[in-house]
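**Q** Heads up: the protein sequence lines correspond to chains H and X, in order. Taking the numbering used here, the leading residue of the first sequence gets 1, the next gets one more, and so forth. Taking the numbering used here, the leading residue of the second sequence gets 346, the next gets one more, and so forth.
None of these hints come from the bench; they were simulated from the model. This one's a predicted model, so the numbers in the text were calculated from it and none came from an experiment. Some hints could be false.
[Stated by the list, open to error] In silico contact screen, one side only, chain X against chain H (beta carbon under 10 Å); selected entries: (1) Pro373; (2) Thr375; (3) Asp427; (4) Asp453; (5) Gly490; (6) Gly527; (7) Pro548; (8) Gly568; (9) Lys571.
Glycine included, every Cβ here is placed at the ideal spot set by N, Cα and C.
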Amino acid sequence: MSEVSKIPVTVLTGYLGAGKTTLLNRILSENHGKKYAVIVNEFGEIGIDNDLIIGADEEVFEMNNGCICCTVRGDLVRIMGGLMKRKGKFDAIIVETTGLADPAPVAQTFFVDEDVQRNARLDAVVTVADAKWLSDRLKDAPEAKNQIAFADVIVLNKTDLVTKPELVEVEARIRGINPYARLHRAERCKVALSDVLERGAFDLDRILDLEPEFLEAGDDHDHDHDHHHHDGHDHDHGHGLKHYHDEEMQSLALKTDKPLDPTKFMPWLQNLVATEGQKILRSKGILAFTGDDDRYVFQGVHMMLEGDHQRKWKDGEPRESRLVFIGRELPEDDIRAGFESCITT
Amino acid sequence: MSSFEPGSEQASIASVTDRVRPIVIGAPVTSVHFLGDRAAFVGAEEHVSIADEKGEISKVEVLAGGILCAASDDERIVMGGDNGKLVALDARGSVTELALDPKRRWIDNVALHPDGAYAWSVGKTAHVRGGKGEEKSLEVPSTVGGLAFAPKGLRLAIAHYNGVTLWFPNMAATAEFLAWAGSHLAVSFSPDNKFLVTAMHEPALHGWRLADNRHMRMSGYPGRVKSMSWSVGGKFLATSGADTVIMWPFASKDGPMGKEPAMFAPLQARVTAVACHPKQDVLAAGYGDGTVLMVRLEDGAEILVRRNGTAPVASLAWNAKGSLLAFADEDGGAGLLAL
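Could you put the whole structure together from the sequences, leaning on the hints where they help?
**A** Structure, rendered in structure tokens:
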């Protein structure tokens, strides 16, 4: 089954009270002409007859492969199997997690389980965050931090309940953890559905967004800027905004314009995720290998990686390799040194 | 049964493809059963199509929704749906509602007992209704992955995460727990009641010798095992999941412990469904490319029942006498072979 015909799955996370159910109800009640199968934890909170609503148990199973962070959602494997019997009755799937859930087992289910992988593709992890309380939760709730670190899209909700300086503060805290997610400010989860659905964030063909999304004043719905302006502003937060460095959770960006040696790079990357995978929540990369005219792209969740040749490098396109890791207590110096040693000299 | 005697001079594989009566179901099929001498093709949703030997089809609506599980015993097929209903279809084509989950949750698994009792599961709870209509329930630690009745007595095996719970619904004693790390899905007792085998979420089987609960690990599959079938007398357990039929030996008291499995009918495609003949040492195997073969266990001789080139074979079944073989693929292409 081709990637296109696989059913897209959006994972909806967010700490308790952030507004997940509000966003879900908004998605389901809007007139978009699509049908969703929605996997929820509590029946009864959403009341739409038109769609398939399935209750889940959030059972996290360890895989018997000797890798302790390789966990999957057992109930999701079962539910996906059942849903595939009703193919054609819905266009997309939304998985709502509980407020305390780690998004990794959900995402890993789509990497590990061959049946799930055959029929569905992970589209994006969307995290709803509470503008008023997120800064506090980032201090006392590791789950909230995980959800921000893992996100492809962050809906910063309840912005009407905070002052402008508070908003700037919470956005800076989010960027300190995850500078790569799309961030949308919202009141009562009012965001354009196209901003949260059909994002293709896990689609290897669309791994383009490796530039940090810097905040610009009033940057609410400005995301069609292209990505050819990445010279010279690597970590230059020159917008007069606060910048926080989260003590525990960081992102690490690596870049080189010299080609990488694939015989060194691939073993290094595989060894890195095998040994440090528990710390690495997400990884992504666009790679230029020595003697290879194709761009190679990869992405990963903890210890799981997938990668492929994406397309030919275009004429005039800088053959640059870029990698991003988001994780906790990343051994930054080791990762940098390891990466440097893979550069063809 | 002359069809199992291909001429020894034949260089290419013997074929009975021209004797198969093609049946068009027109919708995805998930499992195949027999009600007497009529083949029943259970759809992915709503319908069961019943075909007689002449290929005449009658379509019966059994559930308004997805059909998540089915088990049969020659006289009826019991099915669970995603609308929370458990229904039975009998040979006359009439549908009876057996149970309704009050919250309309999915009925994930079903099993039948020869004396008329049946079991089903909803989430973590397994239910048993005995021949006299009394109902008992047991909650296990995680969602039920599979159910099976023991061949003797009213004893139910409930597979779940990290093991199997063995339960005598009519006895006060606490249920026995067989532990093994991982997610256990399908579960099956050997016909002699000496072994219990589960198909795991990983591409492996796990087994227990019930006399002493000794473990048996059966691994090496490239894909998850979704179809298991005991050969006549329980000598072998035939399994899908590889590009040959993997047959684990269970004839001795140690079962497959320390033994290699036999491998039959290798093709360039994954085996997706297996069904052992009820009376003879013959099995039918379906493949991911649509091929169906019959294999004689004595010498591995193969007979082609259906050529490749369709959707994966979803299921195969023999009637109780062993005179009819039915199969169907995931797109609803099906066939019936009279031997």
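**Q** So, for every hint listed, does it hold in this structure?
**A** Verification of the hints:
no. : hint   : in the structure
1   : Pro373 : holds (7 Å)
2   : Thr375 : holds (7 Å)
3   : Asp427 : holds (6 Å)
4   : Asp453 : holds (7 Å)
5   : Gly490 : holds (8 Å)
6   : Gly527 : holds (4 Å)
7   : Pro548 : holds (9 Å)
8   : Gly568 : holds (6 Å)
9   : Lys571 : holds (9 Å)
Going down the numbered hints, you'll see the structure goes against none, and every one checks out.
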